[in-house]
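Peer 1: Here are the chains, one letter per residue:
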Amino acid sequence: MSVFLQPIYTQTVGSSGAASITFNNIPQTFTDLKVIISGRSARNTGSATDNLNVAFNSTPTVSTTILDSGSPYGSPRSFRTSYVFGELDSANDTANTFGSLEMYIPNYTSSNYKSSISDYIAENNSGTGDYLVSVGMRASLIQLSSGITSITFTTGTGSNFLQYSTFSLYGVLRQGV
Amino acid sequence: MYPIATQTVGAGGASSITFSSIPSTFTHLQVRILARSTTAGANAIYNFSAFNSDGGSNYSYHTLQGDGSSAFAGGYATQTNMQFRDLPGATATANVFGVAIVDILDYANTSKYKTLRYLGGYDVNGSGLVGIDSGLWQSTSAINTFTINTYSNFAQYSTFQLYGISTSSTTGA
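So the sequence lines, in the order shown, correspond to chains A and B.
Mapping of the first sequence onto our numbering: position 21 corresponds to residue 21, and the numbering continues sequentially without gaps.
Mapping of the second sequence onto our numbering: position 32 corresponds to residue 1032, and the numbering continues sequentially without gaps.
Hints are computed from structural coordinates only; laboratory data are not their basis.
Heads up, the beta-carbon is just placed ideally off N, CA and C, and yes, glycines get one too.
Where hints are given, some of them may not hold.
[Said to hold, decoys possible] Negatives, chain A to chain B, calculated, CB over 12 Å: (1) Ser16; (2) Ile105; (3) Ser111; (4) Asn112; (5) Ser115; (6) Met137; (7) Gly156; (8) Ser159; (9) Gln175.
[Unchecked claim] Which residues of chain B face chain A? A partial, calculated answer using Cβ under 10 Å: (10) Met1001; (11) Tyr1061; (12) His1062; (13) Gly1066; (14) Ser1070; (15) Phe1072; (16) Gly1074; (17) Tyr1076; (18) Ala1077; (19) Asp1103; (20) Ile1104; (21) Asp1106; (22) Ser1111; (23) Leu1116; (24) Leu1136; (25) Ile1165.
Pulled out of the complex, with its shape left as it was, chain A reads as follows (with noise of 0.2 Å):
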């Protein structure tokens, strides 16, 4: 087994889909946080990806800077906004994709605020200027003062994660722990 990367939590989606899915009891034992999604929103409006939204400890109280492929996909930007790490696919996307994501959060039991990073892709089989692809990468500030104890991942239209979205949670340590 490895020590370096210890999986805490997974929670699988069923069929009826979730509308959100919470880690809770986070052990603070670890020195870091790696979160890694497999997700796809029920999203069927229009033609987009869908946001994952984190809340950490129930407080959506995160910045996040932003640089990612555009919408359509095809216009890179960078801007900020808040507690959004990332994107999906949604239900308009190729059927069976699913969006996948990675969030690390280093020293999450500080009780400084804390910097995170994300990165994730959303796939479709479509060409430059398409909607439903997304890729790109965020910087966070979690304003918490306070460790992480519970994490709760919700989409950005309130739409359901569909069934066989995969949300796993894993510790990290650093040597000598």
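Position chain B against the provided structure of chain A, taking the given hints into account.
Peer 2: Then chain B, alone, in the frame of chain A:
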């Protein structure tokens, strides 16, 4: 995170790198690359292809790339491979190798098409490239083999490492 396989290119170079007999016992795959191409020019391309030996037009990919002064984004549907463009070529500064990390989530899930999330780049002290790219293979089959090549050879000392990542059986809900 478990090491599955490692390939290091020898003195003669290598026209392609193939990982085969990939076990289905992990949840995710990660490929870590340190590579250089003998393709003419300063910049070269990784081609990810032949997933489960599929040579059909079942792939698409999208690129977001920067060179330090401008950004480029492009998308390509219905392709026979997935191309990622941050690999140093034959005329890049000697001994500089590009770095890439490619994640393939739920690679053995037979309810999902397979996507690649690519982060890569290199710098030669004056120029360079960095990119985040996506790839799609339209198949629900569990991945058991795939190939990475470039238009010429991968240079000696290029390394390709394949890792498996497991998940917890505890939900934390």
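Peer 1: All hints, please: hold or fail.
Peer 2: We went through each hint and held it up to the structure:
no. : hint    : verdict
1   : Ser16   : 15 Å, holds
2   : Ile105  : 15 Å, holds
3   : Ser111  : 23 Å, holds
4   : Asn112  : 24 Å, holds
5   : Ser115  : 18 Å, holds
6   : Met137  : 6 Å, violated
7   : Gly156  : 19 Å, holds
8   : Ser159  : 18 Å, holds
9   : Gln175  : 15 Å, holds
10  : Met1001 : 4 Å, holds
11  : Tyr1061 : 8 Å, holds
12  : His1062 : 5 Å, holds
13  : Gly1066 : 8 Å, holds
14  : Ser1070 : 9 Å, holds
15  : Phe1072 : 8 Å, holds
16  : Gly1074 : 5 Å, holds
17  : Tyr1076 : 6 Å, holds
18  : Ala1077 : 5 Å, holds
19  : Asp1103 : 6 Å, holds
20  : Ile1104 : 8 Å, holds
21  : Asp1106 : 5 Å, holds
22  : Ser1111 : 5 Å, holds
23  : Leu1116 : 8 Å, holds
24  : Leu1136 : 4 Å, holds
25  : Ile1165 : 7 Å, holds
Hint violations for this structure: number 6 only, all remaining hints satisfied.
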